[in-house]
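Which chain is which? The protein sequence lines are W and D, in order.
All letters in the first sequence, in the order written, are residues 1 to 701 by this note's numbering.
All letters in the second sequence, in the order written, are residues 1 to 327 by this note's numbering.
Any given hint could turn out to be false.
Stated by the list, open to error - No farther apart than 25 Å at their CA atoms in a straight line, the calculated lysine-lysine pairs in the DSS-like style are these:
hint	chain 1	residue 1	chain 2	residue 2
1	W	K277	D	K26
2	D	K86	D	K75
3	W	K267	D	K101
4	D	K150	W	K113
5	W	K229	D	K307
6	W	K662	D	K75
7	D	K221	W	K20
8	D	K44	D	K150
9	W	K690	W	K20
Unchecked claim - Derived coverage of chain D by chain W (criterion: at least 3 residues anywhere in the stretch with Cβ under 8 Å from a Cβ of chain W; other residues may be distant):
hint	region
10	24-37
11	92-103
12	110-124
13	305-314
14	319-327
For the record, the hints were derived by calculation from the structure and aren't laboratory data.
In this text, a Cβ means the ideal position worked out from N, Cα and C, and glycines have one as well.
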Amino acid sequence: MVTNEVAKSWILLNNEIMVKHDDEFSLHKDKEAVRAYFLEYVNKNTVFFYTLKEKIDYLIENNYYINFYEWFTFEEMERVYQYIAGKKFRFPSFMSAFKFFQSYALRDDSGEKFLERYEDRVAAVSLFLARHEGIDHALQYAELLINQEYQPATPTFLNAGKKRSGELVSCFLDEIGDNLNGIGYAVDSAMKLSSIGGGVSFNISKIRGRGEAIKGVEGRAGGVLPIMKILEDTFSYANQLGQRPGAGAVYLNIFHSDIEEFLDCKKINVDEKVRIKSLSIGVIIPDKFMELASKDEPCYLIYPHTVMQEYGKYLDELDMDEMYDELITNSKIKKKKVNARHLLVKIAQTQKESGYPYIFFKENANRQHALNGIGHVKFSNLCTEIMQVSEVSDINIYGQQDTIRYGISCNLGSLNIATVMENKRIEQAVKTAMRALTMVTDVTDIAMVPSIQKANRELHSVGLGAMNLHGYLAKNFVMYESEEALDFANVFFMMMNFYSLQASMEIARERKSTFQGFEKSAYADGSYFDKYITRDYFPTTIKGSELFDGVAIPTKEDWKVLKQQVQEHGIYHAYRIAIAPNQSTSYIMNATASVMPIVDTIEVREYGDSTTYYPMPYLTNENYFYYKSAYDMDQMKVLRLVSVIQRHVDQGISTILHTNSKDTTRDLARYYIYGHKMGLKSLYYTRTRKSTIEECVSCSA
Amino acid sequence: MKQYKAVNWNEPDNDYALMFWEQNIKQFWIDTEYIPSKDIDSWKALSPEMRECYKKALGGLTLLDTLQSNTGMPKIMDHIDSLQNKSVLAYMCMMEAIHAKSYSTIFTTVATSRDIEDIFNWVQQNKYLQFKASLIDKHYRKLENTDISKEDLFMGLSASVLLESFLFYSGFFIPLWLCGQGHMVASADIIKKIIADESIHGVFVGLLAQDVYKKLPNPEKSKEKLLELLNDLYENELKYTEEIYTEVGLTAEVKEYVRYNANKALMNLGFEPTFEVKRVNPIVLNGLSVETTQHDFFSKKSTNYEKATEIVHLRDDDFVVDTSIAV
Numbered sequence: 001m002v003t004n005e006v007a008k009s010w011i012l013l014n015n016e017i018m019v020k021h022d023d024e025f026s027l028h029k030d031k032e033a034v035r036a037y038f039l040e041y042v043n044k045n046t047v048f049f050y051t052l053k054e055k056i057d058y059l060i061e062n063n064y065y066i067n068f069y070e071w072f073t074f075e076e077m078e079r080v081y082q083y084i085a086g087k088k089f090r091f092p093s094f095m096s097a098f099k100f101f102q103s104y105a106l107r108d109d110s111g112e113k114f115l116e117r118y119e120d121r122v123a124a125v126s127l128f129l130a131r132h133e134g135i136d137h138a139l140q141y142a143e144l145l146i147n148q149e150y151q152p153a154t155p156t157f158l159n160a161g162k163k164r165s166g167e168l169v170s171c172f173l174d175e176i177g178d179n180l181n182g183i184g185y186a187v188d189s190a191m192k193l194s195s196i197g198g199g200v201s202f203n204i205s206k207i208r209g210r211g212e213a214i215k216g217v218e219g220r221a222g223g224v225l226p227i228m229k230i231l232e233d234t235f236s237y238a239n240q241l242g243q244r245p246g247a248g249a250v251y252l253n254i255f256h257s258d259i260e261e262f263l264d265c266k267k268i269n270v271d272e273k274v275r276i277k278s279l280s281i282g283v284i285i286p287d288k289f290m291e292l293a294s295k296d297e298p299c300y301l302i303y304p305h306t307v308m309q310e311y312g313k314y315l316d317e318l319d320m321d322e323m324y325d326e327l328i329t330n331s332k333i334k335k336k337k338v339n340a341r342h343l344l345v346k347i348a349q350t351q352k353e354s355g356y357p358y359i360f361f362k363e364n365a366n367r368q369h370a371l372n373g374i375g376h377v378k379f380s381n382l383c384t385e386i387m388q389v390s391e392v393s394d395i396n397i398y399g400q401q402d403t404i405r406y407g408i409s410c411n412l413g414s415l416n417i418a419t420v421m422e423n424k425r426i427e428q429a430v431k432t433a434m435r436a437l438t439m440v441t442d443v444t445d446i447a448m449v450p451s452i453q454k455a456n457r458e459l460h461s462v463g464l465g466a467m468n469l470h471g472y473l474a475k476n477f478v479m480y481e482s483e484e485a486l487d488f489a490n491v492f493f494m495m496m497n498f499y500s501l502q503a504s505m506e507i508a509r510e511r512k513s514t515f516q517g518f519e520k521s522a523y524a525d526g527s528y529f530d531k532y533i534t535r536d537y538f539p540t541t542i543k544g545s546e547l548f549d550g551v552a553i554p555t556k557e558d559w560k561v562l563k564q565q566v567q568e569h570g571i572y573h574a575y576r577i578a579i580a581p582n583q584s585t586s587y588i589m590n591a592t593a594s595v596m597p598i599v600d601t602i603e604v605r606e607y608g609d610s611t612t613y614y615p616m617p618y619l620t621n622e623n624y625f626y627y628k629s630a631y632d633m634d635q636m637k638v639l640r641l642v643s644v645i646q647r648h649v650d651q652g653i654s655t656i657l658h659t660n661s662k663d664t665t666r667d668l669a670r671y672y673i674y675g676h677k678m679g680l681k682s683l684y685y686t687r688t689r690k691s692t693i694e695e696c697v698s699c700s701a
Numbered sequence: 001m002k003q004y005k006a007v008n009w010n011e012p013d014n015d016y017a018l019m020f021w022e023q024n025i026k027q028f029w030i031d032t033e034y035i036p037s038k039d040i041d042s043w044k045a046l047s048p049e050m051r052e053c054y055k056k057a058l059g060g061l062t063l064l065d066t067l068q069s070n071t072g073m074p075k076i077m078d079h080i081d082s083l084q085n086k087s088v089l090a091y092m093c094m095m096e097a098i099h100a101k102s103y104s105t106i107f108t109t110v111a112t113s114r115d116i117e118d119i120f121n122w123v124q125q126n127k128y129l130q131f132k133a134s135l136i137d138k139h140y141r142k143l144e145n146t147d148i149s150k151e152d153l154f155m156g157l158s159a160s161v162l163l164e165s166f167l168f169y170s171g172f173f174i175p176l177w178l179c180g181q182g183h184m185v186a187s188a189d190i191i192k193k194i195i196a197d198e199s200i201h202g203v204f205v206g207l208l209a210q211d212v213y214k215k216l217p218n219p220e221k222s223k224e225k226l227l228e229l230l231n232d233l234y235e236n237e238l239k240y241t242e243e244i245y246t247e248v249g250l251t252a253e254v255k256e257y258v259r260y261n262a263n264k265a266l267m268n269l270g271f272e273p274t275f276e277v278k279r280v281n282p283i284v285l286n287g288l289s290v291e292t293t294q295h296d297f298f299s300k301k302s303t304n305y306e307k308a309t310e311i312v313h314l315r316d317d318d319f320v321v322d323t324s325i326a327v
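Next up, chain W with everything else stripped away, as it sits in the complex:
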């Protein structure tokens, strides 16, 4: 709200970072901006309480907090608050302070005064998570959070402990069946899940193509586009009380007859009727397609309804390696011929113009999938890191029983690699984080969408991620594209996998309960452990050994023990690790986002509601060289690093391609080919750095 027309001093100071003196940015202005922000804004707008007791009681009595007295005495709560205060937390950058107060701090009902500082939020989250486990666990969570070793995803961090709050889970996925009941169920779910703040993704590959038959009459079906339009409007309508726009994604199998139309919806100059503005799109690419492109053989797009009529199965559930030749020789299957390479180039062109589509490599995702005995991974989510089994539900008319199958529900959080490594607390951090995530699945019960509810109840999936990889490497003088970085990632993520698995086993042992279907998984038959019990994963470079100095690294013997324990007690979570892109939360942690390289030494960050300048964490004149922009990196090397991390991640990794506007569609397509061959499961956005006219003039001059 503009109350007066003078620019706020902290925003001016933050902008002044960009003013250069002697060719150096004015980095010190950022600290001045933090100071001004607190003195002139935060402090003036924070409700003051004389004592902690007064504050807690006020927050509970006025319906801001849940009644923590049901689980803790005041003295216990005081211990948590005092422990946190003793850590003397200070925001290291304007961005982190601004983002926290702008988006996370509890405000009074007028929306004008703050009721919480960072320390209070940490305390509330810790108490909330530990309320059935007791004060010792609350202190463990508090330590983990105030050390900034672990950051719960936004919905958890924002809502935990609040009386009037949204859900703690952020991410949902579901299939859409090819009939009006199925579509209606999806639209209904989209609205409900979006209104509680979830990002929702749908697999629309089962929908019959444009021009296919309805009730036997040819030429009547509208294809996938009209459904996308409905979903787009549904998401923009059902926002979270206007707080943030609803967001959704749809995935389509590349063999679907509507694929070209699907890709065209993001082009710049396209008819309004078929343009999709805010809905995200992703393409499901089976190995067969890449094989056709590689051999330059003709590729046939298939009309899915004809497949259903002929085989009684959905096109996207068929194994294309097995069925493709059968489909193209069967004259009852309607198809159209395209050139596979041209289709790859079309994807590249669409990415250059819009950043979309995401790419999901279906067989890569299923090759490493430990739950193949239960079902397959069909598609991914809004951030392309969730990869879980799903199966379409059969929705009936009123009064008849629906058959509800697995949707996907996932709650997320990320380790901060830098603090975890520096404190040498990988094991404790991973295990405490796994517990925190488990608590969230325990309390989550999305009854209004039964397929989502079923998945959470039976599979207890979580997604532990990691952030600050580039920040940590740069701080330790390791180049992101180097062999040392590969070495570090290979060991670190192996450890994350080990301890998360151990934590999951411990929780299963404690609760005497596993996820449903454990006995059919690769964990139960032990095959999951093959790659870990045959070799050790120790650092192979000198730098790598230095980084892990003083840290106990699990050996293949440790893995053998873990394998036995898992086979004996089972594990609690069907899925454990997923590397999310974490945008806002990495700012609060003053970390580089996810495992991706930075884009700029000082990032210009645009949100729907502000523009902020954000100097990268730990940046100084000495280590400047190590903050190489993703746009200047060899993308193949970035993908190579991701492939190493992917070895140890049971779900996926949000992988962003950073390209320059002079890169051709062929360059982009070559990244897809490389990513596919390196076993990547998905590619997220493609970002493009524009060339400026100064650059153009100087090139030609």
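Dock chain D against chain W, hints included.
Leaving out everything else, chain D in the frame of chain W:
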């Protein structure tokens, strides 16, 4: 008898036409790609004075873009010999029309019909706005004759550069200033696309003007004439700024910004800057940068993507990749 020539892009006319053509094509956009309706709440939260200022600023911009697409570009085109340069100008002319319409897209989304009517009336009544339009138009109208002096052409081109690189910015100030602080952000996406276009238009027409300037019989005299025009426009611009920015208290900052851009216009024409500029509001200056920014796809549309012109097909060897890895 007159011989008609077809534009031949196989032979470059000069070393920049093709580059500008391609850059223009890449930057192509249309107003309806953007979603100013996201700003409706933000609009309602602005003070009445601020809304008034915003509307007037955009109204003024609409007039300038209209002048540029209806008169400026077509008249200039008549006197440019290179057919490729002409093509670039024709494309720019089309974009100016899109710009002029896009302000209406913002208006239509946030303001009432009554408000919009008032603004267009205000544009017609406002003496400073009318003065600058008529002054620029005077130089354009001279180009209506087929037989004109080199100086007339130079002045016509210079008027165009002054309009593109200088006069627009008093209007751009407010959307950039608000956007930097989180207000009217979706509409600012449109404004930023316009700024990216105007910046290449200014550079391109500036290069054409410099070509003509080299061939002038009495360059010093022409330069004086140019500076005189700049000065008249500058004096008028100060008054215009006072009229629309005083109530929101930004007059001094906008004036500084006006001087900053006057210097930029002179540089596009190949001359030294003449105005002393102390400190331009950093929020607005940063908003002016047309380089790539980070954004969150879920909360806003990006202004970073451009029409793909680099389409290259795949070959067999693209599928042969080295998958070896050190660890």
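Structure-based check of all given hints:
Distance check on the hinted pair: W/K277 and D/K26 sit about 19 Å apart at the alpha-carbon level, within 25 Å; holds. Using a Cα cut-off of 25 Å, the hinted pair D/K86 and D/K75 holds, with the two alpha carbons roughly 11 Å apart. At roughly 21 Å between alpha-carbon atoms, W/K267 and D/K101 fall within 25 Å of each other, so this suggested pair holds. Taken as a hint, the D/K150 and W/K113 pair is broken in the structure, with Cα atoms around 65 Å apart against an allowance of 25 Å.
Distance hint between W/K229 and D/K307 is fulfilled; the C-alpha atoms sit about 23 Å from each other, no more than 25 Å. For the suggested pair W/K662 and D/K75, the alpha carbons sit about 33 Å apart, so the restraint of at most 25 Å is broken. At most 25 Å may separate the alpha-carbon atoms for a hinted pair to count; D/K221 and W/K20 exceed this at roughly 38 Å. Restraint check: the Cα-Cα separation between D/K44 and D/K150 comes to about 51 Å, which exceeds 25 Å; the hinted pair is violated.
For the given pair, W/K690 sits about 22 Å from W/K20 by alpha-carbon distance, which is consistent with the 25 Å threshold. Under the rule that three or more residues need a Cβ within less than 8 Å of chain W, the assignment of the region 24-37 of chain D holds, with 7 such residues. Given as covered by chain W, the region 92-103 of chain D fails the check, having 0 residues with a CB less than 8 Å from a CB of that chain where 3 are the minimum. Under a criterion of three residues with beta carbons nearer than 8 Å to beta carbons of chain W, the stated coverage of the region 110-124 of chain D fails, only 0 such residues being counted.
Coverage of a stretch by a chain is defined here by at least three residues with a beta carbon nearer than 8 Å to that chain's beta carbons; for the region 305-314 of chain D and chain W the count is 9, and the condition holds. With a cut-off of 8 Å between beta carbons, the region 319-327 of chain D has 6 residues touching chain W; three or more are needed, and the interface restraint holds.
The structure shown violates the earlier hints numbered 4, 6, 7, 8, 11 and 12.
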